[in-house]
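Add chain B to chain A, keeping to what the hints say.
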Amino acid sequence: MTTAPVRPPLVRSSDRMIAGVCAGLAAHLGWPVRMVRIGMAVAALAGGAGFAFYAWLWIMVPTADEAARRNARRPASPIAPAVSTPPAGSLHEPGSAVDPPFSAGTYPPAYPLRGYGPGSISPGAYAPAAGPAPSAMYDAGTPFQTPAAGAVPGTVGAGTAVPVSGVPGTGAWFRVRSMRYGKEILLGSGLLLVAGILIARLLGAEVPLGTLIPAAAILGGAAIAWMQLDETRRAGLVDKTKADQAGGWARLAAGLALVVAGVLVMVSGSGSWEQTWLALLASVAVLGGVALVLLPWGLKFWRDLETERAGRVRETERAEIAAHLHDSVLQTLALIQRRAASENDVVRLARAQERELRGWLFKDPAKDAGQLSGRIKAAAAEVEDGLGNAVDVVSVGDTAMTDRHEALVQASREAMLNASRHGGGPVSVYLEVSDGGVDVFVKDRGSGFDLRGVPEDRLGVRESIIGRMKRHGGTAEIISSPDGTEVRLKLPAAVAENGEGKP
Amino acid sequence: MSTPALDGTAAGNQRETVRVVIVDDHAIFRSGLKADLDPRVTVVGEAGTVEQAIEVIARTRPGVVLLDVHLPGGLGGGGREVIAGSAALLGTTKFLALSVSDAAEDVVAVIRAGARGYVTKTISGAEITDAVFRVAGGDAVFSPRLAGFVLDAFGTAPADIADDELDRLSARELEVMRLIARGYSYKEVAKELFISIKTVETHVSAVLRKLQLSSRHELTKWAAERRLL
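Going down the list, the sequences are from chains A and B.
Residues 8 to 510 (my numbering) are what the first sequence spells out, left to right.
Residues 175 to 403 (my numbering) are what the second sequence spells out, left to right.
Watch out, some of these pointers could steer you wrong.
To be verified - Once the Cα atoms are required to be at most 20 Å apart in a straight line, the calculated EDC-like pairs of lysine to aspartate or glutamate come out as:
1. 497/A with 210/B
2. 384/A with 363/A
3. 497/A with 366/B
4. 365/B with 490/A
5. 497/A with 413/A
6. 295/B with 363/A
7. 295/B with 490/A
8. 295/B with 413/A
Claimed, not checked - A few chain A residues that don't get close to chain B, going by computed Cβ distances all over 10 Å:
9. 21
10. 62
11. 209
12. 367
Hints listed in this document are in silico derivations from the structure and should not be mistaken for laboratory results.
The beta carbon of each residue, even a glycine, is placed where N, CA and C say it ideally should be.
The following block holds chain A by itself, in its conformation from the complex (with noise of 0.2 Å):
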């Protein structure tokens, strides 16, 4: 097993020239501080890309305190985590066996820094690219060059990203919402985007501006609507709306179209293109105004939220975990510290209650009641509790159920009762599935009995095992020595109708 590095996290440390996002990058990075200070110096001259990168970790890049206190709500019992499996991890990776928790906690961080760094830092082709955008969203008086509207398409463009990427798979669009660092990418893809569309209008490409804007902000501020609302919510709209089926994403879809044309037809005709421009131009402006005012609250707020409803999640997953505990474990223990005398409901509680909670730990779509594996379990589950002797069970393949295998269950059953009430003692079960057919062999450690000085009620048995197995092709054995008593079950795959009962 090979591990990967380890990188501290990026949070901002409390070792601070201004806000302390450079010497927390180089910890991050484990770059030497004074180098990621000289760089960013270096930036912030080429166009201010490093005024903008300084400004935007120093927004979105928790300080190490609050980073703390994030961590240190997570769940201190080691069930909670074992129980569910995390819906980050597992949903980034659900291929990769050994290594996810590693892999998703270490590149992510670095993401946005990727996507970002060398456009920032070094001041090279990038650098028009990447300056322009943030600044847009944090200097307030950016006047004509960048176009103002570029403060909307920042957070818009982030914003958008998210339904569009989920229409074509259906179930996408709230694992893009759950993906660990989803957001970050999202917001990067997002500026990256209105950067090459500034550079395309440098480089003097006509960009249809006057169409994606509206465009933009119409699927933006969808976006942000949706984002109010908390997953739960959204969860049940979608479902009500049957919007998670393909259909109902294109009845959304076209809906949103003709709006979007609608409104675009309807701005365009009230007047001349030059005045829309301009009106939107300056609306704009003063959106992005307010919307820089404003931003810092409003992260913080949403952030708050986010930690919020974490742990919301948390609480709910850990009541349900109470809960079957309680409804189980708990009743359990208190029935054996009542029967702690009798030595035989104490073992057969503690083996009852301990299926019972290995089901819940580890439910296997196997097990249902359709496979022949389950079956037997089930009736060696049952003879378990009845007669308080345990009856473990070794599975080789597996096979749906038939009527002929509901003949051999209950052979078997009838075989563990016997087992369990005359042998005394474990009672072990080995099933074995093959193409030529199912063996059952259930052994007990008795002392014996002498097959032709059958006593009266093994007559019954004798019926219900031998008699029944012989009924549909089947054979049965009983071999018993002073060492105990294994019965044989023998059921041929698929016989001709007249069967070949051997005897």
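Here is chain B on its own, set in the frame of chain A:
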């Protein structure tokens, strides 16, 4: 309630003692196990985490380590990690995996890391004692459930001559595994197949070797697919 364990020559012949280290994160279980073990088994150390275990094993150099599959600490690898961390001692120190987990992948992972056997935590003290002596003597200890895993992983059809010998079990090995899965002790297996206990032990050791060395991709695929049985 105790069953006539894996009663065989191993337990009977060994008059000397075996030094063991118990590695389990539950102190209650450790003390219970200590009380259950035969007086010929001397517990020379205990550990509750991966780091402690590696340290205690390196210091005491026991003959056998009773190793829980799930352990806190380390990189999260549990028992597997302890064996990997004690790799230098594998020649003299034998590992016997103990587990409440029925998860095949856990058990198979520990076996493939180098453990010489696997037993469930619910077996009696006499059985564990017997298993300890067996492992100390260089043999492999298979519980019915581990035998079931093996049959599931390698398939129940015997090997052709042409097959890579590591990837399949021979007809005899299959028979032995089947009987163990059915709850037979080594002695009973020997009686049933008309072979000596020593031969049974040889077969089981061969299966263990295959389980540890086979690169058969079905084996890993199978372990990943089947979270438990």
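Hints, one by one, checked against the model:
Proposed proximity of residue 497/A and residue 210/B is contradicted: the alpha carbons are some 39 Å apart, above 20 Å. Note on residue 384/A and residue 363/A: the hinted pairing holds, with a Cα-Cα distance of about 12 Å set against a maximum of 20 Å. For a cut-off of 20 Å, the pair hint linking residue 497/A to residue 366/B stands: about 19 Å separates their Cα positions. Pair hint residue 365/B plus residue 490/A holds up; C-alpha atoms about 12 Å apart against a cutoff of 20 Å.
Taken as a hint, the residue 497/A and residue 413/A pair is honoured in the structure, with Cα atoms around 13 Å apart against an allowance of 20 Å. Distance check on the hinted pair: residue 295/B and residue 363/A sit about 18 Å apart at the alpha-carbon level, within 20 Å; holds. For the given pair, residue 295/B sits about 24 Å from residue 490/A by alpha-carbon distance, which is inconsistent with the 20 Å threshold. In summary, the hint linking residue 295/B to residue 413/A is not supported, as the alpha carbons are separated by about 32 Å, beyond the 20 Å threshold.
The Cβ of residue 21/A lies farther than 10 Å from every Cβ of chain B, with a closest approach of about 30 Å, so its non-interface assignment holds. With a least beta-carbon separation of about 39 Å from chain B, residue 62/A lies farther than 10 Å from that chain, consistent with its non-interface assignment. At the 10 Å boundary, the C-beta of residue 209/A stays outside the reach of chain B, the nearest C-beta of that chain being 50 Å off. Even its closest Cβ contact with chain B, about 13 Å, leaves residue 367/A beyond 10 Å, as expected for a residue assigned away from the interface.
The structure is inconsistent with the numbered hints 1, 7, 8, although it conforms to all the rest.
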